[in-house]
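Student: Here is what each chain is made of, one letter per residue.
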Amino acid sequence: GAVVSQHPSWVICKSGTSVKIECRSLDFQATTMFWYRQFPKQSLMLMATSNEGSKATYEQGVEKDKFLINHASLTLSTLTVTSAHPEDSSFYICSAYTTGQETQYFGPGTRLLVL
Amino acid sequence: QQQVKQSPQSLIVQKGGIPIINCAYENTAFDYFPWYQQFPGKGPALLIAIRPDVSEKKEGRFTISFNKSAKQFSLHIMDSQPGDSATYFCAAGAQKLVFGQGTRLTINP
Chain U
2 GAVVSQHPSW VICKSGTSVK IECRSLDFQA TTMFWYRQFP KQSLMLMATS
52 NEGSKATYEQ GVEKDKFLIN HASLTLSTLT VTSAHPEDSS FYICSAYTTG
102 QETQYFGPGT RLLVL
Chain V
33 QQQVKQSPQS LIVQKGGIPI INCAYENTAF DYFPWYQQFP GKGPALLIAI
83 RPDVSEKKEG RFTISFNKSA KQFSLHIMDS QPGDSATYFC AAGAQKLVFG
133 QGTRLTINP
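As given, the protein sequences belong to chains U and V, one line each in that order.
If you want this note's numbering, it's the 1-based position in the first sequence plus 1.
If you want this note's numbering, it's the 1-based position in the second sequence plus 32.
Misleading hints may appear alongside valid ones.
What the hints assert, rightly or not - With the C-beta cut set under 7 angstroms, the calculated list includes, among others, these residues of chain U facing chain V: (1) F40; (2) S44; (3) L45; (4) G101; (5) F107; (6) P109; (7) G110; (8) L114.
Claimed, not checked - One-sided and incomplete, this derived list gives chain U residues near chain V with beta-carbon spacing under 8 angstroms: (9) T33; (10) Y59; (11) Q61; (12) S90; (13) I94; (14) Y98; (15) T99; (16) E103; (17) G108.
If you're looking for bench data, these hints aren't it; they were derived computationally from the structure.
Where a beta carbon is used, it is the ideal one built from N, C-alpha and C, also for glycine.
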């Protein structure tokens, strides 16, 4: 149980284009999902917290117009990187919080490369 | 007050040894302390977690020791194996987590 999927697992795009990443909780409902960014050999940096049906809460320094988050249902959250630039290249990881076990379960991550 | 400090940054242990990774937190409101294991190119996987009402929790070869007064907690891996070689992250918080910097663990055969 507690499986979280992400799609796509990797994506290469041209500078200026937008990229959408999906995060799904497969066998449980998640009222809250988190989006993280991880640079090579570094820790996870929380970008935003999304609650189903409401606007996401962004961490300080994260541009909300750049990283659009939608939490459309209790099993799906999406992150859209708008007008991507090479500096947005990173490993993006989502997690889903289950109130039943009161813990975060992580997806496998999406590697984004912007050329 | 939101920091979680993790040490060491890297650790090399012989097979069968007991690596120990330490974390310290500042915020006394934190009430959930998980450890995650991450392999290269993969998302973190929950390994074991503890709440402040107990001082130790053991699951298989993994043990968390928790010292509430010192605001510290640690991960011990018994009978370590080469397959345990990974990066380990401690975290602290409640629903929202603050992560430590990570420890790159290598278990030599």
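Student: Look at each hint and say if it fits the structure.
Tutor: Here's how the hints hold up against the structure:
Of the supplied interface hints, the one on F40/U is violated, with its beta-carbon coming no nearer than about 11 angstroms to a beta-carbon of chain V, more than 7 angstroms. With a least beta-carbon distance of about 5 angstroms to chain V, the hint placing S44/U at the interface is held under the 7 angstroms criterion. At its closest, the beta carbon of L45/U sits 5 angstroms from a beta carbon of chain V; the interface hint therefore holds under the 7 angstroms criterion. Using the Cβ-Cβ criterion of 7 angstroms, the hint placing G101/U at the interface with chain V is not satisfied: the shortest such distance is roughly 13 angstroms.
Look at F107/U: its Cβ gets to within about 4 angstroms of chain V, closer than 7 angstroms, so that hint holds up. A cut of 7 angstroms between beta carbons decides the hint on P109/U: the least distance to chain V is about 5 angstroms, and the hint holds. The interface hint given for G110/U holds, since its Cβ lies 5 angstroms from the closest Cβ of chain V, which is under the 7 angstroms cut-off. Proximity of L114/U to chain V is violated relative to the hint, the smallest CB-CB distance being about 13 angstroms (cut-off 7 angstroms).
Given the 8 angstroms rule on beta carbons, the hint for T33/U holds: about 6 angstroms separates it from the nearest Cβ of chain V. Interface restraint check: Y59/U against chain V, minimum CB-CB distance 13 angstroms, threshold 8 angstroms, status violated. A least Cβ separation of about 11 angstroms between Q61/U and chain V goes past the 8 angstroms threshold, and the interface hint is therefore violated. Checking S90/U against chain V: minimum C-beta separation of about 15 angstroms lies over 8 angstroms; hint violated.
Proximity of I94/U to chain V holds as hinted, the smallest CB-CB distance being about 5 angstroms (cut-off 8 angstroms). The criterion of a C-beta within 8 angstroms of any C-beta in chain V is met by Y98/U, whose closest approach is roughly 6 angstroms, and the hint holds. Against a cut-off of 8 angstroms between C-beta atoms, the interface hint on T99/U is violated, since the closest Cβ of chain V lies about 10 angstroms away. Proximity of E103/U to chain V holds as hinted, the smallest CB-CB distance being about 7 angstroms (cut-off 8 angstroms).
The restraint placing G108/U at the interface with chain V holds, with a minimum CB-CB distance near 5 angstroms, inside the 8 angstroms limit.
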